[in-house]
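*Asks:* The number in my numbering is simply the position in the sequence shown, starting from 1, with 125 added.
The set of hints was computed from the structure by calculation and includes no laboratory data. Treat the numbers as computed from the prediction; the structure is a model and nothing was measured. One should not assume that every hint holds.
What the hints assert, rightly or not - Distance windows between CB atoms, simulated:
| no. | residue 1 | residue 2 | range |
| --- | --- | --- | --- |
| 1 | E196 | L137 | 31 to 39 Å |
| 2 | A215 | L161 | 32 to 40 Å |
| 3 | D202 | S160 | 15 to 23 Å |
| 4 | H227 | G165 | 16 to 24 Å |
| 5 | D142 | D202 | 27 to 35 Å |
Positions of the beta carbon are idealized from the N, C-alpha and C atoms, including for glycine.
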Amino acid sequence: MRGSLLLLAAVLSARADQDQAAVAHLAAAKDLAHSLGHDGNHLWTGFGLTNVRIHEIGVAVALGNPGLAIEVGEQLDSSRLPVALVSRRAQVHLELAGAYAHQR
């Protein structure tokens, strides 16, 4: 649950133009994901390193860094997510579409 809340805090911070807070929340979530060691779906959180990477894409777009979002997206393997998390896979495509739309 803590990891999911950190990801939510990262997205909300990014949308509020609080760059440092967003980056700090993502880093803390990434540390927890590494500790977990796998992509899980405990309590329907979908938490794990792959989901952290998906949130990195969204945060990068919200912070006006579409190049970083695309870079992260190109390295992302969403097939590592649990099967039930179809919506998270779809979210990757939506976030990347937003990144490409914001590129010059």
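*Asks:* Look at each hint and say if it fits the structure.
*Replies:* Hints versus structure:
no.	hint	in the structure
1	E196 / L137: 31 to 39 Å	23 Å, violated
2	A215 / L161: 32 to 40 Å	23 Å, violated
3	D202 / S160: 15 to 23 Å	20 Å, holds
4	H227 / G165: 16 to 24 Å	31 Å, violated
5	D142 / D202: 27 to 35 Å	30 Å, holds
Consistency note: the structure conflicts with the earlier hints numbered 1, 2 and 4.
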